[in-house]
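*Asks:* Work out the full structure, taking the sequences as your base and the hints as a guide.
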Amino acid sequence: LTHGAGGKAMRDLIQDVFVGAFGQPDAAAMEDQARVPLSALARHGDRLAFTTDTYVVDPLFFPGGDIGTLAVAGTVNDLAVSGARPLYLSCGVVLEEGLPVETLRRVAESMRRTAEAAGVRIVTGDTKVVERGSADKLFINTAGIGVIPAGIEISSARARPGDAVIVSGHLGDHGAAILIARKQLALEADIPSDCRPLNGLIDAMLAACPDIRCLRDATRGGVATVLNEFAQDSGVAIRIREETLPLRETVKGACEILGLDPLYLANEGKLVAVVPADAAERVIEAMRAHPDGRDAAVVGCIAERPRGAVILETGFGGERIVDMLVGEQLPRIC
Amino acid sequence: MSAVMQPVAAQAERIRVQGLVQGVGFRPTVWRLARREGLRGWVRNDGDGVDLHVQGDAAAIERFARALRDEMPALARIDRVIRRPAVPEDAGDFRIVDSEGGAARTGVVPDAATCTDCRAEIFDPFARRYRYPFTNCTHCGPRLSIVEAIPYDRAHTTMRGFALCDDCRDEYTSPQDRRFHAQPVACHACGPRARLLRTDGAAMAADMLTMLDDVDAACTLLQRGEIVAIKGLGGYQFACDATRADAVARLRDRKRRPRKPFALMARDLDVIRRHCAVSDDEAALLASPAAPVVLLVADGARRVDDGVAPGLRTLGFMLPNTPLHHLMLRRMDRPIVLTSGNLADEPQCIDDAEVGARLGRIADYVLTHDRPIARRVDDSVARIVDGVPRLLRRARGYAPAPLRLPAGFERAPAVLAYGGELKNTFCLLRAGEAIVSHHVGDLDNPRTQEDYRRALADYEQLFEHRAEWLAVDLHPDYRSSRLGREQAAARGLPLATVQHHHAHVAACLADNEVALAAPPVLGIALDGLGYGDDDALWGGEFLLADYRAARRLGTFKPVALIGGDRAMREPWRNTYAHLMAEMGWARFANDYAELELHRFLAAQSRALIDGMLASGTQAPPASSCGRLFDAVAGAAGICRERTQYEGQAAIEFEALADAGTLADADDTLAYPFAVPRLKSGLPYIEPLAMWQALLGDLILGTPVPVISARFHKGLAKVIVAMVRQLCADGAPAGGVRRVALSGGVFQNRVLHEQVAARLRAAGFDVLAHRQVPANDGGLSLGQAVIAAARALSAAERRGE
Ligand SMILES: [Fe+3]
Ligand SMILES: [Mg+2]
Ligand SMILES: [Zn+2]
Ligand SMILES: [Zn+2]
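So the sequences go chain by chain: A and B. Under my numbering, the first residue of the first sequence carries the number 66, and numbering increases by one thereafter. Under my numbering, the first residue of the second sequence carries the number 6, and numbering increases by one thereafter.
Treat the hints as calculated values from the structure; they're not laboratory data. Be careful, since some hints might not be right.
As the list claims (entries may be wrong) - Where chain B lies over chain A, by a calculated footprint (3+ residues, C-beta under 8 Å):
(1) 187 to 194
(2) 322 to 332
(3) 372 to 386
What the hints assert, rightly or not - One side only, chain A facing chain B, incomplete, derived with CB under 8 Å:
(4) L252
(5) L310
(6) Q394
(7) P396
(8) R397
(9) I398
To be verified - Each pair of labels, with its calculated beta carbon distance range:
(10) A:K317 / B:K684: 32 to 40 Å
(11) B:A522 / A:K317: 53 to 61 Å
(12) B:G497 / A:E218: 33 to 41 Å
(13) A:T379 / B:G166: 32 to 40 Å
Remember, it's a predicted structure, so these values are computed and weren't measured experimentally. In this text, a Cβ means the ideal position worked out from N, Cα and C, and glycines have one as well.
*Replies:* Listed below in structure tokens is the structure:
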């Protein structure tokens with residue numbers, strides 16, 4: 066790709082790669098904006114959910130996904146954890162001059178497939194090519210809108226003592242996969258990223274329990290960060306039990322050698338939920354019946370004190386504080 | 006003043022006494038001594054200590070002043086006596102007068118072990134307090150562990166629920182009685198009671214009821230090999246017979262503490278002497294009012310079970326510190342294990358409501374009582390190193406006694422320093438003194454962290470401290486640093502951020518009362534890890550330092566911490582990192598293929614680890630002396646795979662180098678190190694030659710104790726060589742003759758004594774810790790004095 070081709074060349078590129086990939090009539094119309102009838106939205110609920118996120122990842126391709134999968138699934142998940150039905154996405158792409166068109170095509174194809182799986186449509190987009198060195202290969206921004214059905218009130222401030230804490234599956238797959246791919250670390254077993262849209266799983270959960278209190282996809286900062294946000298926003302303590310945390314043996318082994326705590330590793334297809342205690346079993350059952358929630362587990366409960374704290378109960382009856390990390394996991398034992 | 010001096014029959018003097026003179030029975034002592042000498046006048050507490058007026062015969066006043074120093078109460082510490090001539094007053098008999106309108110400095114003093122008088126009383130069948138487990142007087146008894154608020158009087162202690170009986174009230178109100186104003190005074194008739202219970206709530210077996218009393222019955226249980234939880238002074242403890250392998254093993258198993266040494270208590274010095282050599286200094290330390298756990302060399306005729314302190318040659322012994330312990334051990338001629346009452350590394354339990362749920366899993370019986378514990382206060386730990394008692398953990402018996410600050414800090418602003426992450430203490434500094442909190446513990450534990458927050462608020466109230474400055478460690482993720490940052494923002498106070506190793510060195514300066522204006526010293530701070538000025542991880546540093554600033558002049562070789570904090574628990578990671586940094590796998594595998602160490606390392610996930618090293622993933626370099634110890638211990642097969650408690654590898658490695666082995670280890674065979682320079686120009690301690698010599702010794706099958714001795718000596722030699730190089734004429738610290746030793750590594754007695762002796766032989770003056778620990782328990786003091794020094798400099802620059 067050459068920079069500043071502008072005009073016709075750019076139009077060709079978008080036409081060729083994205084419209085080709087998405088192949089959807091709204092986008093194909095090539096207006097400057099997507100037009101959505103309000104009545105169509107209102108059928109789904111009473112509130113609009115609107116979010117945006119920018120995706121930069123190194124490497125672009127990793128076991129289990131690529132930046133395209135991430136860009137669609139990430140934004141879909143940000144909508145879905147509000148209880149919203151994700152409907153439309155936009156997509157802005159910044160390309161570094163010299164990026165092979167083939168790379169772009171692969172990413173676009175991933176986006177198409179992921180959008181299809183999530184049942185959302187990419188309805189508007191934009192592409193810019195910048196000089197070599199002004200960007201690292203490929204950045205993608207997606208924004209999304211969805212509609213929240215009436216009666217759903219999910220919020221990080223709604224956890225109450227006694228509620229159950231659920232995670233939807235193995236922790237840390239994405240973080241471990243990226244780290245290993247980026248640093249070219251030799252690991253005997255493959256760890257594929259868990260990158261995927263979660264709106265289907267969330268639908269199943271809401272069907273089992275419309276009164277889900279808190280819900281969040283555990284992306285950067287991992288489950289630890291989400292739990293800390295719940296604990297602080299709700300003014301409660303969260304107690305989790307180490308032996309109940311679902312963890313892939315390969316991830317566990319890699320974490321042990323690397324000295325990483327899987328609670329802080331990023332996920333791109335895992336969520337954390339807080340539900341009323343009496344609904345926990347029902348929700349778990351519904352999740353396990355769904356392919357994206359097969360390894361869902363209750364990992365802890367909400368307690369009253371100490372407010373704002375997340376406490377890990379270790380195997381030997383010990384306890385450890387799991388706090389919010391400012392940066393990376395930095396050694397601190399003197 | 007002089008104008009009104011008239012020749013009168015009687016001389017008069019106004020005497021002011023400063024130091025630890027409140028809440029320790031000082032005024033009654035003054036009263037008694039003044040009356041003995043036939044003096045008139047009065048004594049009172051005020052904001053500056055004790056203020057008194059005496060008049061009478063000049064020789065009697067002299068005798069009185071001398072007696073004040075010679076016969077002062079056991080718990081008092083006189084820093085200064087200021088005597089001025091005064092105008093005789095129309096004074097009657099000597100009397101104690103009330104404090105001047107609330108101005109008295111709050112007298113929260115440390116808890117003190119039972120004094121000899123009280124001890125005699127509880128064993129005297131004709132005394133009113135025969136076998137009374139809560140006997141105390143102004144010279145002994147609970148203080149910090151029972152106080153809830155100020156001023157320190159009974160209504161503000163956990164004794165408030167016990168109304169004094171007439172007999173106790175008489176003692177409490179009589180200046181001639183040693184219980185005059187002893188706030189926790191009590192007796193069988195009016196005070197707390199001890200009870201022996203089963204933790205499962207079931208009734209006691211009938212044969213227990215035939216014992217003298219419940220406390221005596223607990224002794225019988227111990228003799229039968231049972232584990233008994235005991236409500237001690239500052240928290241619940243677990244006790245069992247230390248000579249019974251079954252009991253010790255059961256306690257380790259139930260408490261989930263596989264290897265960390267247990268503290269011991271014995272009835273008297275004679276029992277301790279059967280197990281350990283006890284020097285006069287050690288005996289004095291054991292029997293002091295603080296009654297700390299003292300680390301002693303275990304070379305007596307009798308042995309406790311090996312499970313008490315596995316892999317060590319020292320035992321931590323203490324003497325009974327309360328009447329309850331004295332009475333319980335009366336019939337016990339063997340040592341007992343006495344360890345903190347909770348699971349694993351949690352803080353000890355102080356809440357009676359938790360006994361069943363938390364202690365019941367470990368102990369079948371509990372000897373408890375109904376005097377609540379106001380705050381958790383652990384046992385203090387001390388060791389005589391280089392001939393001087395040094396605290397390794399400062400808590401019961403020492404905290405919260407203020408440390409007198411050296412010259413230059415008289416006008417210091419009020420500073421609150423938050424301390425470190427592990428072995429946390431915090432520190433309240435104000436004009437001329439620093440109050441270092443009792444040992445709080447490791448802040449990664451939620452209960453400890455809750456305690457920490459509570460204790461911070463609590464101390465600020467008890468000492469009426471209103472901080473003008475806050476101080477924290479430079480490490481962004483220490484829980485203490487975060488709390489300090491939050492509170493600085495919330496309270497709108499300036500925050501001083503202090504580099505870890507500078508704080509260590511400054512703590513050592515303050516501990517040794519080095520004046521604020523004194524020239525810089527060469528500080529050697531050796532520990533596990535601290536956050537450096539350059540955002541790297543430090544842990545073996547040579548600093549040109551005073552209270553205000555520190556300049557890094559030398560260091561240890563930066564070597565990767567494979568897996569970050571994991572490297573702290575698995576010494577082999579450090580062995581591997583060192584060998585890869587020094588020689589690489591190919592050479593190691595080629596030259597040392599026959600070593601068992603080679604087979605061990607070859608079996609690890611080398612591909613992944615080499616990738617981490619090559620890419621710097623989770624393998625940050627650290628110039629850590631503690632990790633060098635781990636690397637060497639791991640190579641020698643000590644705790645190679647994993648440690649069960651902090652510093653275990655280094656502690657067990659040190660234990661191997663006994664006095665005999667050390668004396669035999671030829672100095673010329675001490676392992677060699679070099680002192681080249683890093684790319685930045687900084688000189689560093691390079692261990693390549695040491696590794697070659699050590700691996701050679703492993704091939705020769707040299708005994709590990711000899712390896713340990715050679716390593717310790719070699720390390721001491723190179724540390725001194727580094728100091729000489731840095732302090733040579735024209736070098737950055739040219740002319741500096743004073744060296745301060747700090748950091749947890751200096752708790753290693755062998756290294757400490759080797760370094761100190763060699764430095765002195767080279768003409769250096771050596772400062773080391775005494776009153777606060779060399780480990781991170783001393784950090785808060787260092788942070789506080791650094792913040793104060795900076796604030797004073799800033800004020801000076803502004804011309805204040
Ligand atoms: Fe340290
Ligand atoms: Mg997002
Ligand atoms: Zn006494
Ligand atoms: Zn009484």
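*Asks:* Does the nearest C-beta of chain B fall within a distance shorter than 8 Å of the C-beta of A:L252?
*Replies:* Given a least distance of 6 Å, the restraint on A:L252 holds.
*Asks:* Note whether the CB distance of A:K317 and B:K684 lies within 32 to 40 Å or breaks it.
*Replies:* Roughly 38 Å apart at Cβ, these two residues keep to the hinted range, so it holds.
*Asks:* Per the CB criterion, is A:Q394 less than 8 Å away from chain B?
*Replies:* The hint holds - A:Q394 has a Cβ within 8 Å of chain B, the shortest such distance being about 6 Å.
*Asks:* Is the hint on A:R397 kept, meaning its closest Cβ partner in chain B is under 8 Å away?
*Replies:* Holds: closest Cβ of chain B sits about 5 Å from A:R397, inside 8 Å.
*Asks:* Min Cβ distance, A:I398 to chain B: is it shorter than 8 Å?
*Replies:* holds, 4 Å
*Asks:* Checking hints one by one. Is A:L310 an interface residue toward chain B, by the C-beta closer than 8 Å rule?
*Replies:* This hint is violated: A:L310 lies away from chain B, its Cβ roughly 18 Å from the closest one there, beyond 8 Å.
*Asks:* Is the coverage entry for the region 322 to 332 of chain A by chain B consistent with the three-residue Cβ rule at 8 Å?
*Replies:* holds (count 4)
*Asks:* Is it true that A:T379 and B:G166 lie within 32 to 40 Å of each other by Cβ?
*Replies:* holds, 38 Å
*Asks:* Quick check: the region 372 to 386 of chain A, covered by chain B? Criterion 3+ residues, Cβ under 8 Å.
*Replies:* holds (count 8)
*Asks:* Examine the region 187 to 194 of chain A: at least three residues should have C-beta closer than 8 Å to a C-beta of chain B.
*Replies:* violated (count 0)
*Asks:* Does the beta carbon distance between B:A522 and A:K317 stay inside 53 to 61 Å, or does it fall outside?
*Replies:* This hint holds: roughly 57 Å between Cβ atoms.
*Asks:* When the nearest CB of chain B is found for A:P396, is that gap smaller than 8 Å?
*Replies:* holds, 4 Å
Hints 1 and 5 from the earlier list are contradicted by this structure; the remaining hints agree with it.
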